[in-house]
Amino acid sequence: MEMTTGRHAGAAVHHTVEGTDPGLNVQTYEPEHPAALPPVLLIHGFASSIALNWEQSGWISALREAGRYVIAVDLPGHGLSSAPEDVDSYSPSRIRADLLQIASDAGARPIEPGHPDSGLDVVGYSLGSRLAWEFGATQPAIVRRLVLGGPSSRDPLAEFDLVAAQRFLADGTPIEDASTAGLVTMAQASPGSDMYALLSLVEAVKEEPFDAAEAVPKQPLLIVAGEKDERVEGLEGLHGLVPSAKVVVIPGRNHVNAVTARAFKQAAIEFLGEG
Amino acid sequence: MAELPFPLPDLGEGLIEATVLEWLVAEGDQVERNQPLVEVETTKSALELPSPQSGKVLKLYGAPGEVIKVGEPLIVFEVADDTAGIVGTVPSEDAPKRRVRLNANLDED
Chain Z
1338 MEMTTGRHAG
1348 AAVHHTVEGT
1358 DPGLNVQTYE
1368 PEHPAALPPV
1378 LLIHGFASSI
1388 ALNWEQSGWI
1398 SALREAGRYV
1408 IAVDLPGHGL
1418 SSAPEDVDSY
1428 SPSRIRADLL
1438 QIASDAGARP
1448 IEPGHPDSGL
1458 DVVGYSLGSR
1468 LAWEFGATQP
1478 AIVRRLVLGG
1488 PSSRDPLAEF
1498 DLVAAQRFLA
1508 DGTPIEDAST
1518 AGLVTMAQAS
1528 PGSDMYALLS
1538 LVEAVKEEPF
1548 DAAEAVPKQP
1558 LLIVAGEKDE
1568 RVEGLEGLHG
1578 LVPSAKVVVI
1588 PGRNHVNAVT
1598 ARAFKQAAIE
1608 FLGEG
Chain X
65 MAELPFPLPD
75 LGEGLIEATV
85 LEWLVAEGDQ
95 VERNQPLVEV
105 ETTKSALELP
115 SPQSGKVLKL
125 YGAPGEVIKV
135 GEPLIVFEVA
145 DDTAGIVGTV
155 PSEDAPKRRV
165 RLNANLDED
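Order-wise, the sequence lines are chains Z and X.
Per my numbering, the very first residue in the first sequence carries number 1338; after that it's consecutive.
Per my numbering, the very first residue in the second sequence carries number 65; after that it's consecutive.
FYI, nobody ran anything at the bench for these hints, they're computed from the structure.
Don't take each hint at face value.
Simulated restraints on C-beta separations [what the hints assert, rightly or not]:
id	chain 1	residue 1	chain 2	residue 2	range
1	Z	His-1576	X	Gly-78	24 to 32 Å
2	X	Gly-78	Z	Glu-1402	41 to 49 Å
3	X	Gln-99	Z	Asp-1454	26 to 34 Å
Below, simulated SDA-like cross-link-like pairs (lysine to any residue); rule was C-alpha separation at most 20 Å, straight line [claimed, not checked]:
id	chain 1	residue 1	chain 2	residue 2
4	X	Lys-108	X	Lys-123
5	Z	Lys-1555	Z	His-1576
6	X	Lys-108	Z	Asn-1591
7	Z	Lys-1565	X	Glu-130
8	X	Lys-120	X	Thr-83
9	Z	Lys-1565	X	Ala-66
10	X	Lys-108	Z	Ser-1530
11	Z	Lys-1583	Z	Gln-1556
12	X	Lys-108	Z	Ala-1526
13	Z	Lys-1583	X	Thr-83
14	X	Lys-108	Z	Ala-1515
15	X	Lys-108	Z	Glu-1567
16	X	Lys-108	Z	Val-1585
17	X	Lys-108	Z	Pro-1371
18	Z	Lys-1565	X	Lys-120
19	Z	Lys-1565	X	Thr-106
20	Z	Lys-1543	X	Thr-83
All C-beta atoms, glycine included, are put in the ideal place defined by N, C-alpha and C.
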């Protein structure tokens, strides 16, 4: 099983971005039989991790089996990444800068016509989809194709009631806003979650809320969501901005259990296998 | 041949049960070790369980939406008797052939 755990890219390469080391855990995975296709970068969701979102859900083994080299990152304060104290370390723009450095260190190179393995494909889930959307829009020279799972055109984290969450954590005062209460419950249920770091991330996202129309990706785009995901209604907002996007809705699945769906993995692998 | 039942494994985090989302194999299928068997959901996340071993699927427990407790049967495989660790029931006509299949585990990681 050692082969599938990947190597820690940070052990070989140490870069600082904007003057500080982000301390992000990066794991890369070699394919079983390499396809002539670019690496795939995986960006997990809020209160999740590489382990939860991609490993135990079967994504990494499915991608490796499809011949893909996989680069996975734990977001700051998540999984095995460090949990910095300063809020700036959690800002979406800072995370995108770190992702670019990480992808480049892991071997991704700009798209070059005639080189089918150049560029980078990106798969995000939930908050990871927001980051993937912006990453694709701002890095057209390197990002080739995008898959967004369980995305939201609005920003549930930006609407998060931080004060109510802090009060709830301090003395148990119930949280009135249903979306905030749901996110806190999800964060508390997440194994090994660092609530302080998660709230720092929320704070940083509130300073840079998602504005899908501000930068629209030009790459081929696949959007996937569970039929019972409450965010599914917002898909039209994203689809409206990218009318050429392919949309797949997974019957019977919600925001949590659409992640493992075979139909999601198959749609993504097929879409990312196109030249 | 022998029957080898496989219970829902301990999923860690103090989880005691999981809900079946979707089976990825059917009764009668021949599966390889590490091949995805089933998607399940716990109170914390959704996950895909890989097969603990190669064999033919004899029986699946739990339709989608049904809850299985950790330790309860999940799947039953049909395997060669020596694989199942059962002594003394190897049919004599099969015994010589099995002795030469020593490279069967080469691709295991």
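**OP:** Evaluate the given range 24 to 32 Å for the C-beta pair formed by Z:His-1576 and X:Gly-78.
**Re:** violated (40 Å)
Subject >> X:Gln-99 paired with Z:Asp-1454, Cβ distance criterion 26 to 34 Å >> reply: holds (27 Å)
Original post:
Can the restraint linking Z:Lys-1565 and X:Ala-66 be considered satisfied, given a maximum Cα separation of 20 Å?
Top reply: Measuring from Cα to Cα gives roughly 42 Å; hence the hint is violated.
**OP:** Decide if the proposed pair is consistent with the structure: Z:Lys-1565 and X:Glu-130, CA atoms, cutoff 20 Å inclusive.
**Re:** OK: Z:Lys-1565 and X:Glu-130 at ~18 Å, within 20 Å.
Original post:
Given the proposed pairing of Z:Lys-1565 with X:Thr-106, does the C-alpha separation stay at or below 20 Å?
Top reply: holds (17 Å)
Original post:
When you check the alpha-carbon spacing of Z:Lys-1583 and Z:Gln-1556, does it fall within 20 Å?
Top reply: This hinted pair holds, its Cα atoms lying about 12 Å apart.
Subject >> Hinted pair Z:Lys-1583 and X:Thr-83, Cα distance within 20 Å >> reply: The hint is violated at about 30 Å.
Subject >> Proposed proximity, Z:Asn-1591 with X:Lys-108 (alpha carbon, max 20 Å) >> reply: holds (13 Å)
Subject >> Pairwise hint evaluation, Z:Ser-1530 against X:Lys-108, where the allowed Cα distance is 20 Å at most >> reply: Holds, at roughly 12 Å.
Original post:
Within a Cα-Cα threshold of 20 Å, do X:Lys-108 and X:Lys-123 meet the stated pairing?
Top reply: violated (27 Å)
Original post:
Can the restraint linking X:Lys-108 and Z:Pro-1371 be considered satisfied, given a maximum Cα separation of 20 Å?
Top reply: violated (34 Å)
**OP:** Would you mind confirming whether the straight-line C-alpha gap from Z:Lys-1543 to X:Thr-83 stays at or under 20 Å?
**Re:** violated (35 Å)
Of the numbered hints given earlier, the model fails hints 1, 2, 4, 8, 9, 13, 16, 17, 18, 20; all others are met.
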